[in-house]
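> For the sequence shown, position 212 (counting from the first letter as 1) is numbered 212 according to this note's numbering, and the numbering increases by one without interruption.
By construction, these hints were calculated from the structure, which means they are not laboratory data. Careful, some of the hints might be misleading.
[Unchecked claim] Computed cross-link-like contacts, SDA-like style, restricted to lysine to any residue with a CA-CA straight-line distance of at most 25 Å:
(1) Lys294 x Ala255
(2) Lys329 x Ala281
(3) Lys286 x Ser250
(4) Lys294 x Arg336
(5) Lys294 x Asp149
(6) Lys184 x His158
(7) Lys294 x Thr203
(8) Lys286 x Asp149
(9) Lys329 x Arg163
(10) Lys294 x Pro280
(11) Lys184 x His266
(12) Lys184 x Thr253
(13) Lys286 x Arg163
(14) Lys329 x Asn198
(15) Lys294 x Lys184
(16) Lys286 x Asp325
(17) Lys294 x Gly267
(18) Lys286 x Glu195
(19) Lys294 x Lys329
(20) Lys329 x Asp341
(21) Lys294 x Gln282
(22) Lys184 x Gly152
(23) Lys294 x Ala281
(24) Lys294 x Gln238
(25) Lys286 x Ala338
(26) Lys184 x Ala247
(27) Lys329 x Val194
(28) Lys184 x Tyr159
(29) Lys286 x Val200
(30) Lys294 x Ser332
(31) Lys184 x Gln155
(32) Lys294 x Gly227
(33) Lys329 x Gly307
(34) Lys294 x Arg163
(35) Lys294 x Leu86
(36) Lys286 x Gly337
(37) Lys286 x Lys329
(38) Lys286 x Asn198
(39) Lys294 x Ser308
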Amino acid sequence: MTNVLRRSSWLAFPAGALLLAAAPLVAGCGSSSAEQSPARLSGSQARAAAASLVTADDIPGQIVVDFRDDAPEADIRSLLVDGLGLTFAPTPLEATTRIEIASVPAGLAGSVLARLNADPRVEYAEPLARVQAYYTPNDPLFKDQWHLDKIGAPQAWHYSTGRGVTVAVVDTGIACEDFESFVKVSDLGRTRCVEGFNFVNNTTHANDDQGHGTHVAGTIAQSTNNGHGAAGIAYDAQLMPVKVLAANGSGTTAAVADGIRWAADHGAQVINLSLGGSRPAQVLQKAVEHALSKGAVVIAAAGNSGGSVGYPAAHDGVIAVSASDRNDKLASFSSRGAEVDIAAPGVDVVQQTICEGGRGKCERFPAFNGTSMATCG
């Protein structure tokens with residue numbers, strides 16, 4: 001079942017679009033320009049470039065050298081063995097290419113690469129690096145989460161899973177604690193939630209009584225590879241629940257501004273706003289400026305009206321996110337305009353949430369549509 005959330009006034013936008021929108025920046029999903037032949041580096045340039053190439057993914061003491069076709073064989077052997085003290089291993093390609101795999105004395109990879117890249121007989125030299133299969137979590141609904149493949153999440157997880165980042169979800173709250181009649185949903189079981197605040201009821205217990213905020217939070221940091229439910233994009237990030245919207249999904253500009261300021265003052269590095277309204281508000285603009293001064297990144301859903309971008313997304317300093325579909329086309333419901341910074345998957349985004357009014361006792365994994373979903377990517 002697909003839920004399309006379209007509301008007026010200061011209401012929640014379906015959550016996943018914001019973080020999903022930011023993800024292509026991390027995953028490098030941009031178009032590339034036409035290939036050009038690399039210019040030969042000077043000696044100092046080669047040394048700097050080669051040293052920068054040696055990373056934690058490289059196999060210690062191993063390099064790959066591609067010699068130019070016109071380099072004499074005797075020169076190759078002399079350079080590798082006599083000049084640099086290298087030894088090299090046979091390769092299945094050696095009969096058809098001039099590529100050699102060489103062993104480098106301990107601690108000398110950077111300097112050896114620099115010398116080789118400065119040599120006119122060498123096409124290029126680089127570290128021999130490891131490659132591995134991209135991580136695929138065992139969550140049973142991962143196969144239905146098309147948006148994760150679309151933004152390159154499995155590839156990005158090789159580099160980062162969000163560890164050390166605190167994301168404030170300024171929304172309807174999150175079902176991430178057992179408190180009174182509220183229950184933590186099962187697929188946030190391994191997700192860390194730091195203390196938040198409830199501006200609706202003036203308490204530190206920012207529990208979700210509507211469902212939207214939990215869906216947003218799960219899109220961001222659902223417990224992943226736990227054999228249950230769905231996967232999250234930045235699943236090692238910690239969530240900060242900030243409740244500014246009531247059980248009917250609505251709130252005020254003042255409450256949202258309070259939530260932004262509170263999140264920034266309590267260490268949130270990313271502030272997710274899957275909500276909005278039709279008119280600008282100085283109280284929101286000032287809150288955004290305060291958050292930026294604290295070093296936070298503020299991300300907001302563009303809106304689901306199909307028309308102009310709402311607020312706070314259209315305010316200065318906010319990363320505004322529209323929603324795209326499976327074909328990388330702008331979703332029909334997505335707001336649009338010059339204020340939009342990026343688009344991300346916001347159609348049929350599968351994630352866990354509570355049954356409406358269920359307070360976590362009843363949970364489900366619906367597919368939501370909306371720029372709210374895109375902000376979480």
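> For every hint, state whether the structure bears it out.
Do the hints match the structure? See the list:
Taken as a hint, the Lys294 and Ala255 pair is honoured in the structure, with Cα atoms around 19 Å apart against an allowance of 25 Å. Distance hint between Lys329 and Ala281 is unfulfilled; the C-alpha atoms sit about 30 Å from each other, more than 25 Å. Distance check on the hinted pair: Lys286 and Ser250 sit about 21 Å apart at the alpha-carbon level, within 25 Å; holds. In summary, the hint linking Lys294 to Arg336 is not supported, as the alpha carbons are separated by about 29 Å, beyond the 25 Å threshold.
Proposed proximity of Lys294 and Asp149 is contradicted: the alpha carbons are some 33 Å apart, above 25 Å. With a C-alpha separation of about 29 Å, the suggested pairing of Lys184 with His158 is violated against the 25 Å cut-off. About 24 Å separates the Cα atoms of Lys294 and Thr203, which keeps this hinted pair within 25 Å; it holds. For the proposed pair Lys286 and Asp149, the alpha carbon gap of about 37 Å is over 25 Å, so the pair is violated.
Between Lys329 and Arg163, the direct Cα distance comes to roughly 31 Å. Violation of the 25 Å bound is thereby established for this hinted pair. Restraint check: the Cα-Cα separation between Lys294 and Pro280 comes to about 22 Å, which is no more than 25 Å; the hinted pair holds. The straight-line distance between the Cα atoms of Lys184 and His266 is roughly 22 Å, inside the 25 Å bound, and the hint therefore holds. Our distance criterion of 25 Å between C-alpha atoms is broken by Lys184 and Thr253, whose separation comes to about 28 Å.
Taking the CA atoms of Lys286 and Arg163, the gap is about 29 Å. The hint is violated against a cut of 25 Å. Of the pairs offered as hints, the one joining Lys329 and Asn198 is violated, with about 37 Å between alpha carbons and a cut-off of 25 Å exceeded. For the given pair, Lys294 sits about 30 Å from Lys184 by alpha-carbon distance, which is inconsistent with the 25 Å threshold. Proximity of Lys286 to Asp325 is assessed by CA-CA distance (about 33 Å); at most 25 Å being required, the pair is judged violated.
Restraint check for Lys294 and Gly267: the C-alpha separation of about 9 Å stays at or below 25 Å, so the hint holds. Using a Cα cut-off of 25 Å, the hinted pair Lys286 and Glu195 holds, with the two alpha carbons roughly 24 Å apart. With a CA separation close to 35 Å, the supplied pair Lys294 and Lys329 exceeds the 25 Å bound. For the hint pairing Lys329 with Asp341, the CA-to-CA distance comes to about 15 Å; that is within 25 Å, so the pair holds.
Restraint check for Lys294 and Gln282: the C-alpha separation of about 18 Å stays at or below 25 Å, so the hint holds. At most 25 Å may separate the alpha-carbon atoms for a hinted pair to count; Lys184 and Gly152 exceed this at roughly 29 Å. At most 25 Å may separate the alpha-carbon atoms for a hinted pair to count; Lys294 and Ala281 meet this at roughly 20 Å. Distance hint between Lys294 and Gln238 is fulfilled; the C-alpha atoms sit about 18 Å from each other, no more than 25 Å.
Between the alpha carbons of Lys286 and Ala338 the distance comes to roughly 21 Å, so the proposed pair stays at or under 25 Å and holds. For the hint pairing Lys184 with Ala247, the CA-to-CA distance comes to about 17 Å; that is within 25 Å, so the pair holds. This hinted pair does not check out: Lys329 and Val194 have alpha carbons roughly 36 Å apart, beyond 25 Å. This hinted pair does not check out: Lys184 and Tyr159 have alpha carbons roughly 29 Å apart, beyond 25 Å.
This hinted pair checks out: Lys286 and Val200 have alpha carbons roughly 21 Å apart, not beyond 25 Å. Distance check on the hinted pair: Lys294 and Ser332 sit about 36 Å apart at the alpha-carbon level, beyond 25 Å; violated. This hinted pair does not check out: Lys184 and Gln155 have alpha carbons roughly 30 Å apart, beyond 25 Å. As the CA atoms of Lys294 and Gly227 are separated by approximately 38 Å, the hinted pair breaks the 25 Å bound.
A hinted pair counts as satisfied when its Cα atoms are at most 25 Å apart, and Lys329 with Gly307 qualifies at roughly 16 Å. At roughly 20 Å between alpha-carbon atoms, Lys294 and Arg163 fall within 25 Å of each other, so this suggested pair holds. With a C-alpha separation of about 52 Å, the suggested pairing of Lys294 with Leu86 is violated against the 25 Å cut-off. Note on Lys286 and Gly337: the hinted pairing holds, with a Cα-Cα distance of about 22 Å set against a maximum of 25 Å.
In summary, the hint linking Lys286 to Lys329 is not supported, as the alpha carbons are separated by about 33 Å, beyond the 25 Å threshold. Taking the CA atoms of Lys286 and Asn198, the gap is about 21 Å. The hint holds against a cut of 25 Å. Among the hinted pairs, Lys294 with Ser308 is inconsistent with the structure: their alpha-carbon atoms are about 29 Å apart, more than 25 Å.
The earlier numbered hints that this structure contradicts are 2, 4, 5, 6, 8, 9, 12, 13, 14, 15, 16, 19, 22, 27, 28, 30, 31, 32, 35, 37, 39.
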